[in-house]
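From first to last, the protein sequence lines are chains A and B. Numbered by the working numbering, the letters in the first sequence go through residues 17 to 189 in order. Numbered by the working numbering, the letters in the second sequence go through residues 233 to 515 in order.
Please note: incorrect hints may appear among the correct ones.
[Stated by the list, open to error] Derived CB-CB ranges, DEER-like:
(1) B/K509 <-> A/V130: 12 to 20 angstroms
(2) B/T493 <-> A/V59: 32 to 40 angstroms
(3) B/A421 <-> A/K169: 36 to 44 angstroms
(4) B/D492 <-> A/Q87: 15 to 23 angstroms
(5) B/V512 <-> A/P100: 28 to 36 angstroms
(6) A/D179 <-> B/A421: 25 to 33 angstroms
(7) A/G153 <-> B/D324: 13 to 21 angstroms
[Claimed, not checked] Result set (PhoX-like, lysine-lysine): computed pairs, CA atoms no more than 25 angstroms apart in a straight line:
(8) B/K483 <-> B/K463
(9) B/K355 <-> A/K169
(10) B/K509 <-> A/K167
No lab work stands behind these hints, which were simulated from the structure alone. Source: prediction; values computed, not measured. Using N, Cα and C, we set each Cβ at its ideal position, and we do this for glycine too.
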Amino acid sequence: MRCRAWLAVALILSIPLAYAAETGYTLRAAELKAKPFLDAETVTTLPEKSQVEILIRQGAWMQIKTKENRQGWVRMLSVRLGDPDQKTRGGNLLSAISSVRQRPVMTATVTTGVRGFSEEDLAKATPNPAEVAKMKGFTASPASARQLADKGKLKPRQIVYFDENGASLKEKK
Amino acid sequence: MRPARMALVLLLALGGCSLQQSEAFMRNINESGGLKQTVKDLREPTQAEEIEIGGGVTEILLGARPLFDDADLQRYVNAVGMWVAQQSERPDLPWHFGVNDSDHINAFAAPGGYIIVTKGMMKQLRNEAELAGVLGHEIAHVIQKHHLKALRKSAVMNLLSAGAAAATAESRYAELVQKLSGPTKELYARGLDKADEYEADRMGVVLATRAGYDPYGLPAVLTTLASADPKDNFLALLYKTHPLPQDRLDKLAPGLTTLDTIQGPQNLPRFQLYTKKLRVASQ
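Can you make the complete structure from the sequences, with help from the hints?
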């Protein structure tokens, strides 16, 4: 029986870190869509502060699952990560310990060992020209940038800047 | 007194100079070629001068916290940054990117194309599209000369209150920068106007999208930040110098929806490869 318990623990610990789910909630009433398109069928309308588990992130959309196990897509802009009743990002213990991104956990009172960039660090700073020279040593040429783009299947597009209302700007701002 | 002189004396008076000091300053100005010459020295910097100023600013930023020790990561961030910068109106600037060894979450742009992202920020990013979004935002600051303009404002005030020593026909902007160490530190501790940040968000999203990335990279980063504890020490300077992430998302929403149908790669595997060391690096 002990062996089975250990097997269960081993199983839980072996879950790949990359697949830990994020949790969140809706910022306002949001339409749950069958597919990640604005004109897709609406499955239902989720009320504000509905808790959701985020399964996939795809551009403007998130595939989510509700507490009632309804699944569908909502716009990223309608969702905030974490628990609606907590200021900090929550989720179950498993997702907290296995999150790919390390959430900053240190509070303002714990400062030992932290390499910061605070106002004080800035105020005390003396210029470091050697470090700037070092930084310049890593500069990428436009050609090597292009190589990175090609390898990463990045196809350049013509897109116009937009203003605060979302309207296209005719010329460079 | 001619109107221009009067205005200048008034300005100096506002700045706290006595009438005697103002008169002395006006004498100095006359000796160095007159008011016209002084104003001419305060013309917009040339590109070379802009880059010099930026170099001086970056010396201070890297003086506060040096680069993170990972050459492959530095080169990768430079390649992504240079690719996004190539989509801008100033592709020929000598763009330089760096990841510094700070656990705090932040990113900085300096005039002339110097951009620094903290290790803490890199750790919060989930893929290359998010990195491109953050870099796009910083590149936009440089394109729009936000920091340069803010520093120049300080330079004008400094010149006016410092007097003749600075008002020579040969004022080199690099020298101005040395005198601007204080204003530089103040600017990066205080931040830019909110309007500049919102503009950098809008332009940054477009630049990353032009580069072929998923337009929702920067919004995804803001979504991550929006859920963090605002009192978190690692976010203190970011929150002091930028509008709230939720406000930034609200401002972006109208333009973002026009890009909804555009998709692009996130390049997760190579992003994870290059960021492996910094995610393992202990605090």
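- Message: Hint compliance check: list the failing hint numbers for this structure, sorted ascending.
- Response: Violated hint: only 2; rest satisfied.
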